[in-house]
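In my numbering, the protein residues as written are 37 to 433.
Some clues are possibly wrong.
[To be verified] Below 20 Å or equal to it, Euclidean Cα-Cα: the simulated SDA-like pairs (lysine to any residue) are:
| no. | residue 1 | residue 2 |
| --- | --- | --- |
| 1 | LYS398 | ASN164 |
| 2 | LYS138 | PRO169 |
| 3 | LYS238 | GLU429 |
| 4 | LYS182 | TYR268 |
| 5 | LYS238 | ILE125 |
| 6 | LYS138 | ASN72 |
| 7 | LYS315 | MET369 |
| 8 | LYS408 | LEU195 |
| 9 | LYS138 | ASN164 |
| 10 | LYS345 | LYS398 |
| 11 | LYS160 | PHE83 |
| 12 | LYS156 | LEU195 |
| 13 | LYS354 | MET369 |
| 14 | LYS73 | LYS160 |
| 15 | LYS142 | THR158 |
Hints in this document: simulated from the structure, not taken from any laboratory.
Computed from a predicted model, the values in this text were never measured in an experiment.
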Amino acid sequence: MTLNIKTHLLFFITLLSTLIISCTKEDDLQGYTGKNKIVLLNDNAAFMQDNGTDELLVNVYLVNRVTEDITLEFALENHIVNLQPIVVIENPIITFKAGEKKGVLKIKSTSRQLLDSEHKVTLKIIKNSSTLPLDKDYNFYVTPIKKTQELTDKQIELLDGYKRKGLDLYPLMGEIEVETTINFPGDSNLQTMYKAYTSVIKGYTSITLSDKSTPDTPILKMTSNPMGIESYLYQLFRLETIDDLEYWTQYPSAQKIMSLINLSSTTKEIFEVELDDIKIDLSSRQITYIHYDKDEWGNDINTIPFQFKYSAWDRLQKLIDEGNPLAIENIEMGGSVDPSMYINQTNITHDDFDNNGEGAWKETTAKLADNKLNFQFIISHANAGDYILFNVEYKLK
(Lines of atoms letter the chains of each structure in order from A and count residues from 1; the text may use other names and numbers.)
(Lines give C-alpha, C1' and ligand atoms only; values in the text may rest on other atoms or scores of the structure.)
Protein backbone atom coordinates (compact mmCIF):
# COMPACT_ATOMS: atom_id res chain seq x y z
CA MET A 1 0.00 0.00 0.00
CA THR A 2 2.84 2.39 0.95
CA LEU A 3 4.62 1.54 -2.30
CA ASN A 4 1.42 2.27 -4.22
CA ILE A 5 1.07 5.72 -2.60
CA LYS A 6 4.71 6.52 -3.34
CA THR A 7 4.30 5.36 -6.92
CA HIS A 8 1.20 7.52 -7.42
CA LEU A 9 2.91 10.49 -5.76
CA LEU A 10 5.96 10.11 -8.00
CA PHE A 11 3.71 9.89 -11.06
CA PHE A 12 1.83 13.05 -10.00
CA ILE A 13 5.07 15.00 -9.43
CA THR A 14 6.44 13.85 -12.80
CA LEU A 15 3.21 14.83 -14.55
CA LEU A 16 3.13 18.22 -12.84
CA SER A 17 6.75 18.87 -13.79
CA THR A 18 6.00 17.96 -17.39
CA LEU A 19 3.04 20.35 -17.47
CA ILE A 20 5.10 23.18 -15.98
CA ILE A 21 7.90 22.60 -18.49
CA SER A 22 5.39 22.45 -21.35
CA CYS A 23 3.73 25.70 -20.31
CA THR A 24 7.12 27.35 -19.89
CA LYS A 25 8.29 26.23 -23.32
CA GLU A 26 5.07 27.48 -24.89
CA ASP A 27 5.85 31.05 -23.78
CA ASP A 28 9.62 30.83 -24.30
CA LEU A 29 11.25 32.65 -27.21
CA GLN A 30 13.40 30.24 -29.16
CA GLY A 31 16.78 31.55 -30.35
CA TYR A 32 16.91 34.59 -28.04
CA THR A 33 19.04 34.64 -24.87
CA GLY A 34 21.00 37.15 -22.85
CA LYS A 35 19.96 40.75 -22.24
CA ASN A 36 16.23 41.24 -21.80
CA LYS A 37 14.36 43.00 -24.61
CA ILE A 38 11.04 43.08 -26.46
CA VAL A 39 10.71 40.96 -29.60
CA LEU A 40 7.90 40.99 -32.19
CA LEU A 41 7.34 37.79 -34.16
CA ASN A 42 4.61 36.15 -36.23
CA ASP A 43 4.05 32.39 -36.52
CA ASN A 44 2.81 32.69 -40.12
CA ALA A 45 3.52 34.76 -43.22
CA ALA A 46 3.72 38.51 -42.63
CA PHE A 47 1.07 39.24 -45.27
CA MET A 48 -2.58 40.30 -45.21
CA GLN A 49 -5.08 40.87 -47.98
CA ASP A 50 -6.85 44.17 -48.57
CA ASN A 51 -10.21 42.48 -48.07
CA GLY A 52 -11.70 43.97 -44.90
CA THR A 53 -11.67 40.64 -43.04
CA ASP A 54 -8.08 39.33 -42.76
CA GLU A 55 -6.42 39.28 -39.35
CA LEU A 56 -2.74 39.05 -38.43
CA LEU A 57 -1.62 37.92 -34.97
CA VAL A 58 1.77 39.26 -33.84
CA ASN A 59 3.39 37.71 -30.78
CA VAL A 60 5.00 40.14 -28.33
CA TYR A 61 7.75 38.41 -26.35
CA LEU A 62 10.06 39.32 -23.50
CA VAL A 63 13.35 37.43 -23.68
CA ASN A 64 13.33 37.05 -19.89
CA ARG A 65 10.58 37.30 -17.30
CA VAL A 66 10.33 40.50 -15.27
CA THR A 67 9.51 41.05 -11.61
CA GLU A 68 7.14 43.98 -12.10
CA ASP A 69 4.33 44.86 -14.49
CA ILE A 70 5.17 46.37 -17.90
CA THR A 71 2.75 48.20 -20.20
CA LEU A 72 3.46 48.70 -23.90
CA GLU A 73 1.44 50.72 -26.41
CA PHE A 74 1.79 49.99 -30.12
CA ALA A 75 0.98 51.96 -33.26
CA LEU A 76 1.13 51.47 -37.02
CA GLU A 77 3.15 53.48 -39.49
CA ASN A 78 2.37 53.88 -43.22
CA HIS A 79 -1.08 52.31 -42.79
CA ILE A 80 -3.05 55.20 -44.34
CA VAL A 81 -3.80 55.10 -48.08
CA ASN A 82 -5.89 57.81 -49.76
CA LEU A 83 -6.75 59.18 -46.30
CA GLN A 84 -8.17 55.80 -45.27
CA PRO A 85 -6.63 53.29 -42.80
CA ILE A 86 -6.12 49.93 -44.46
CA VAL A 87 -5.39 48.10 -41.17
CA VAL A 88 -5.88 48.77 -37.45
CA ILE A 89 -4.57 47.28 -34.20
CA GLU A 90 -7.57 45.98 -32.27
CA ASN A 91 -5.72 45.81 -28.93
CA PRO A 92 -2.86 48.36 -29.09
CA ILE A 93 -2.00 48.15 -25.37
CA ILE A 94 -0.32 45.04 -23.95
CA THR A 95 0.37 44.65 -20.23
CA PHE A 96 2.79 42.01 -18.96
CA LYS A 97 2.12 41.03 -15.37
CA ALA A 98 5.16 40.10 -13.30
CA GLY A 99 6.40 36.70 -14.48
CA GLU A 100 4.73 36.83 -17.91
CA LYS A 101 6.69 36.66 -21.16
CA LYS A 102 4.19 36.65 -24.02
CA GLY A 103 1.34 38.79 -25.33
CA VAL A 104 -0.51 38.87 -28.66
CA LEU A 105 -1.50 41.83 -30.85
CA LYS A 106 -4.36 41.49 -33.32
CA ILE A 107 -4.13 43.52 -36.54
CA LYS A 108 -7.21 43.61 -38.76
CA SER A 109 -7.80 44.62 -42.38
CA THR A 110 -10.29 47.51 -42.56
CA SER A 111 -10.31 48.48 -46.25
CA ARG A 112 -11.38 46.48 -49.28
CA GLN A 113 -10.14 46.74 -52.88
CA LEU A 114 -8.34 49.99 -52.05
CA LEU A 115 -4.84 48.86 -53.02
CA ASP A 116 -3.44 48.42 -56.52
CA SER A 117 -0.06 47.09 -55.35
CA GLU A 118 1.57 45.53 -52.30
CA HIS A 119 1.85 47.95 -49.37
CA LYS A 120 4.35 47.80 -46.49
CA VAL A 121 3.16 48.65 -42.95
CA THR A 122 5.34 48.96 -39.84
CA LEU A 123 4.39 48.08 -36.25
CA LYS A 124 6.16 50.18 -33.60
CA ILE A 125 6.12 50.82 -29.85
CA ILE A 126 5.04 54.37 -28.97
CA LYS A 127 4.83 54.05 -25.16
CA ASN A 128 6.90 51.82 -22.88
CA SER A 129 6.60 51.87 -19.08
CA SER A 130 9.95 50.03 -18.78
CA THR A 131 13.50 50.60 -19.96
CA LEU A 132 13.49 47.41 -22.04
CA PRO A 133 14.47 48.09 -25.67
CA LEU A 134 12.57 46.83 -28.72
CA ASP A 135 14.64 44.35 -30.73
CA LYS A 136 13.35 45.86 -34.01
CA ASP A 137 10.17 47.17 -35.60
CA TYR A 138 7.89 44.59 -37.21
CA ASN A 139 7.11 44.96 -40.92
CA PHE A 140 4.25 43.26 -42.73
CA TYR A 141 2.62 43.63 -46.13
CA VAL A 142 -0.95 44.19 -47.29
CA THR A 143 -1.64 42.77 -50.75
CA PRO A 144 -4.37 43.80 -53.21
CA ILE A 145 -7.33 41.61 -54.14
CA LYS A 146 -9.35 41.34 -57.34
CA LYS A 147 -11.37 44.43 -58.18
CA THR A 148 -15.10 44.18 -58.75
CA GLN A 149 -15.71 44.29 -62.50
CA GLU A 150 -18.21 46.62 -64.15
CA LEU A 151 -21.26 44.94 -65.63
CA THR A 152 -20.99 44.16 -69.34
CA ASP A 153 -23.60 45.19 -71.91
CA LYS A 154 -24.75 41.56 -72.12
CA GLN A 155 -25.16 41.32 -68.34
CA ILE A 156 -27.12 44.58 -68.25
CA GLU A 157 -29.39 43.31 -71.03
CA LEU A 158 -30.07 40.11 -69.07
CA LEU A 159 -30.65 41.99 -65.80
CA ASP A 160 -33.10 44.35 -67.51
CA GLY A 161 -34.93 41.31 -68.89
CA TYR A 162 -35.21 39.72 -65.44
CA LYS A 163 -36.48 43.02 -64.04
CA ARG A 164 -39.23 43.20 -66.66
CA LYS A 165 -40.25 39.68 -65.59
CA GLY A 166 -40.55 40.78 -61.97
CA LEU A 167 -37.11 39.91 -60.52
CA ASP A 168 -34.78 42.86 -59.92
CA LEU A 169 -31.26 41.53 -59.33
CA TYR A 170 -29.46 44.87 -59.55
CA PRO A 171 -29.41 45.19 -55.71
CA LEU A 172 -27.31 41.98 -55.69
CA MET A 173 -24.65 43.22 -58.10
CA GLY A 174 -21.27 44.52 -56.90
CA GLU A 175 -19.92 44.66 -53.35
CA ILE A 176 -22.62 43.26 -51.07
CA GLU A 177 -22.48 43.36 -47.26
CA VAL A 178 -22.42 39.91 -45.67
CA GLU A 179 -22.60 38.49 -42.15
CA THR A 180 -21.76 34.81 -41.64
CA THR A 181 -22.22 32.74 -38.50
CA ILE A 182 -19.92 29.70 -38.33
CA ASN A 183 -20.69 26.75 -36.07
CA PHE A 184 -17.60 24.57 -35.86
CA PRO A 185 -18.38 21.19 -34.24
CA GLY A 186 -14.90 20.40 -32.95
CA ASP A 187 -14.03 16.72 -32.44
CA SER A 188 -11.43 16.90 -35.20
CA ASN A 189 -8.55 14.45 -35.44
CA LEU A 190 -6.17 17.40 -34.96
CA GLN A 191 -5.51 19.10 -31.62
CA THR A 192 -5.77 22.53 -33.26
CA MET A 193 -9.38 21.82 -34.27
CA TYR A 194 -10.65 19.71 -31.39
CA LYS A 195 -12.70 22.41 -29.63
CA ALA A 196 -16.16 23.45 -30.83
CA TYR A 197 -16.85 27.15 -31.33
CA THR A 198 -19.25 29.66 -32.87
CA SER A 199 -17.95 32.79 -34.59
CA VAL A 200 -19.40 35.64 -36.64
CA ILE A 201 -17.62 37.17 -39.65
CA LYS A 202 -18.67 40.44 -41.26
CA GLY A 203 -17.44 41.61 -44.64
CA TYR A 204 -18.31 42.02 -48.30
CA THR A 205 -18.71 39.68 -51.26
CA SER A 206 -18.24 40.64 -54.91
CA ILE A 207 -21.28 39.31 -56.80
CA THR A 208 -21.96 39.43 -60.52
CA LEU A 209 -24.08 37.67 -63.12
CA SER A 210 -22.51 34.41 -64.26
CA ASP A 211 -21.57 33.86 -67.91
CA LYS A 212 -23.80 30.77 -67.66
CA SER A 213 -26.92 32.93 -67.25
CA THR A 214 -29.63 32.77 -69.92
CA PRO A 215 -32.70 34.99 -70.51
CA ASP A 216 -34.79 32.42 -68.61
CA THR A 217 -32.33 31.43 -65.86
CA PRO A 218 -30.33 33.98 -63.86
CA ILE A 219 -27.19 32.52 -62.30
CA LEU A 220 -25.15 34.40 -59.71
CA LYS A 221 -21.38 34.19 -59.39
CA MET A 222 -19.45 35.26 -56.29
CA THR A 223 -16.04 36.34 -57.57
CA SER A 224 -14.42 37.34 -54.27
CA ASN A 225 -15.03 36.29 -50.65
CA PRO A 226 -17.98 33.99 -51.44
CA MET A 227 -20.36 33.54 -48.50
CA GLY A 228 -17.99 35.79 -46.52
CA ILE A 229 -15.62 32.90 -45.77
CA GLU A 230 -12.64 33.18 -48.13
CA SER A 231 -10.17 33.98 -45.32
CA TYR A 232 -11.80 31.39 -43.05
CA LEU A 233 -11.39 28.66 -45.67
CA TYR A 234 -7.72 29.59 -46.06
CA GLN A 235 -7.20 29.27 -42.31
CA LEU A 236 -8.98 25.91 -42.36
CA PHE A 237 -6.83 24.70 -45.27
CA ARG A 238 -3.63 25.84 -43.53
CA LEU A 239 -4.60 23.96 -40.36
CA GLU A 240 -4.97 20.82 -42.47
CA THR A 241 -1.59 21.28 -44.16
CA ILE A 242 1.27 23.74 -43.60
CA ASP A 243 0.17 24.73 -40.07
CA ASP A 244 -0.37 21.11 -39.00
CA LEU A 245 2.84 20.49 -37.06
CA GLU A 246 1.39 17.30 -35.60
CA TYR A 247 0.90 15.19 -38.73
CA TRP A 248 0.88 16.66 -42.24
CA THR A 249 4.20 18.52 -42.08
CA GLN A 250 5.80 15.40 -40.57
CA TYR A 251 4.93 13.20 -43.57
CA PRO A 252 7.98 12.58 -45.82
CA SER A 253 5.81 13.17 -48.91
CA ALA A 254 4.62 16.56 -47.63
CA GLN A 255 8.14 17.57 -46.64
CA LYS A 256 9.45 16.71 -50.11
CA ILE A 257 6.65 18.66 -51.81
CA MET A 258 7.21 21.69 -49.58
CA SER A 259 10.90 21.64 -50.43
CA LEU A 260 10.21 21.11 -54.13
CA ILE A 261 7.90 24.13 -54.48
CA ASN A 262 9.51 26.28 -51.77
CA LEU A 263 6.45 26.25 -49.50
CA SER A 264 6.38 26.90 -45.76
CA SER A 265 4.04 28.44 -43.20
CA THR A 266 5.73 31.81 -43.78
CA THR A 267 5.96 31.97 -47.59
CA LYS A 268 3.77 34.52 -49.34
CA GLU A 269 0.95 32.74 -51.18
CA ILE A 270 -2.25 33.74 -52.98
CA PHE A 271 -5.45 31.99 -51.94
CA GLU A 272 -8.67 32.94 -53.72
CA VAL A 273 -12.13 31.40 -53.78
CA GLU A 274 -15.03 31.76 -56.23
CA LEU A 275 -18.55 30.34 -56.23
CA ASP A 276 -20.53 29.99 -59.46
CA ASP A 277 -23.79 28.22 -60.40
CA ILE A 278 -26.15 29.88 -57.90
CA LYS A 279 -29.33 29.44 -59.95
CA ILE A 280 -32.51 31.44 -59.35
CA ASP A 281 -35.94 30.42 -60.61
CA LEU A 282 -37.52 33.51 -62.18
CA SER A 283 -41.08 32.75 -61.13
CA SER A 284 -40.65 31.18 -57.68
CA ARG A 285 -37.36 32.85 -56.63
CA GLN A 286 -36.21 29.41 -55.49
CA ILE A 287 -32.42 29.13 -55.34
CA THR A 288 -30.34 26.03 -56.03
CA TYR A 289 -26.59 25.91 -55.55
CA ILE A 290 -25.67 22.29 -54.73
CA HIS A 291 -23.34 20.83 -57.33
CA TYR A 292 -22.76 17.23 -58.40
CA ASP A 293 -19.06 16.29 -58.23
CA LYS A 294 -16.64 13.45 -57.50
CA ASP A 295 -14.35 13.15 -54.50
CA GLU A 296 -10.66 12.25 -54.64
CA TRP A 297 -11.53 8.52 -54.80
CA GLY A 298 -13.99 8.97 -57.67
CA ASN A 299 -17.14 8.63 -55.57
CA ASP A 300 -20.20 10.69 -56.49
CA ILE A 301 -20.84 13.57 -54.07
CA ASN A 302 -23.01 16.67 -53.87
CA THR A 303 -21.29 19.79 -52.50
CA ILE A 304 -21.25 23.58 -52.62
CA PRO A 305 -19.13 24.24 -55.77
CA PHE A 306 -16.41 26.45 -54.30
CA GLN A 307 -13.50 26.89 -56.71
CA PHE A 308 -10.06 27.43 -55.17
CA LYS A 309 -6.98 29.16 -56.57
CA TYR A 310 -3.81 28.64 -54.54
CA SER A 311 -0.43 29.78 -55.80
CA ALA A 312 1.50 26.88 -54.20
CA TRP A 313 -0.83 24.38 -55.90
CA ASP A 314 -0.29 26.21 -59.22
CA ARG A 315 3.47 25.68 -58.86
CA LEU A 316 3.02 22.00 -58.03
CA GLN A 317 0.47 21.48 -60.81
CA LYS A 318 2.96 22.91 -63.33
CA LEU A 319 5.59 20.38 -62.23
CA ILE A 320 3.06 17.54 -62.47
CA ASP A 321 2.05 18.63 -65.97
CA GLU A 322 5.73 18.66 -66.92
CA GLY A 323 6.09 15.07 -65.68
CA ASN A 324 8.33 15.82 -62.71
CA PRO A 325 8.77 12.37 -61.07
CA LEU A 326 9.32 13.75 -57.55
CA ALA A 327 6.11 15.78 -57.75
CA ILE A 328 4.07 12.90 -59.15
CA GLU A 329 5.37 10.32 -56.66
CA ASN A 330 4.84 12.45 -53.56
CA ILE A 331 1.42 13.78 -54.51
CA GLU A 332 0.31 10.15 -54.81
CA MET A 333 1.73 9.54 -51.33
CA GLY A 334 -0.36 12.30 -49.71
CA GLY A 335 1.70 15.43 -50.32
CA SER A 336 -0.87 17.34 -52.40
CA VAL A 337 -1.50 21.03 -51.70
CA ASP A 338 -4.70 21.16 -53.75
CA PRO A 339 -7.24 22.86 -51.42
CA SER A 340 -10.11 20.84 -52.88
CA MET A 341 -8.45 17.66 -51.56
CA TYR A 342 -8.81 18.90 -47.98
CA ILE A 343 -11.97 21.04 -47.99
CA ASN A 344 -15.51 20.27 -49.15
CA GLN A 345 -14.93 16.60 -50.02
CA THR A 346 -17.99 15.10 -48.29
CA ASN A 347 -21.55 14.69 -49.53
CA ILE A 348 -23.92 17.27 -48.01
CA THR A 349 -27.34 16.00 -49.16
CA HIS A 350 -27.33 13.41 -46.38
CA ASP A 351 -25.30 12.82 -43.22
CA ASP A 352 -22.09 11.10 -44.33
CA PHE A 353 -20.85 11.08 -40.73
CA ASP A 354 -23.73 8.79 -39.70
CA ASN A 355 -24.56 10.66 -36.50
CA ASN A 356 -28.16 9.34 -36.40
CA GLY A 357 -29.63 12.81 -36.50
CA GLU A 358 -27.59 14.05 -33.53
CA GLY A 359 -24.72 15.67 -35.42
CA ALA A 360 -24.21 18.97 -37.22
CA TRP A 361 -25.86 17.97 -40.50
CA LYS A 362 -28.51 20.42 -41.69
CA GLU A 363 -30.36 20.70 -44.98
CA THR A 364 -28.80 23.15 -47.43
CA THR A 365 -31.21 26.03 -48.06
CA ALA A 366 -31.42 29.54 -49.54
CA LYS A 367 -34.04 32.27 -49.49
CA LEU A 368 -34.27 35.51 -51.50
CA ALA A 369 -36.46 38.26 -50.01
CA ASP A 370 -36.88 41.91 -51.00
CA ASN A 371 -34.01 43.15 -48.85
CA LYS A 372 -32.10 40.00 -47.86
CA LEU A 373 -30.50 36.89 -49.33
CA ASN A 374 -29.91 34.03 -46.89
CA PHE A 375 -28.00 30.77 -47.20
CA GLN A 376 -27.60 27.81 -44.87
CA PHE A 377 -25.10 25.13 -45.84
CA ILE A 378 -22.51 22.71 -44.51
CA ILE A 379 -19.04 21.61 -45.57
CA SER A 380 -16.49 19.18 -44.18
CA HIS A 381 -12.71 18.99 -44.16
CA ALA A 382 -10.10 16.23 -44.23
CA ASN A 383 -9.75 15.68 -40.47
CA ALA A 384 -13.34 16.57 -39.59
CA GLY A 385 -15.41 14.83 -36.95
CA ASP A 386 -18.58 16.42 -38.33
CA TYR A 387 -19.81 19.15 -40.68
CA ILE A 388 -19.18 22.88 -40.26
CA LEU A 389 -22.48 24.79 -40.42
CA PHE A 390 -22.68 28.23 -42.06
CA ASN A 391 -25.57 30.69 -41.87
CA VAL A 392 -25.10 33.59 -44.28
CA GLU A 393 -27.05 36.82 -44.64
CA TYR A 394 -26.61 39.38 -47.43
CA LYS A 395 -28.17 42.81 -47.05
CA LEU A 396 -29.28 44.02 -50.46
CA LYS A 397 -28.56 47.55 -51.60
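**Prompt:** Hints broken by the structure, by number, lowest first?
**Reply:** 1, 7, 10, 12
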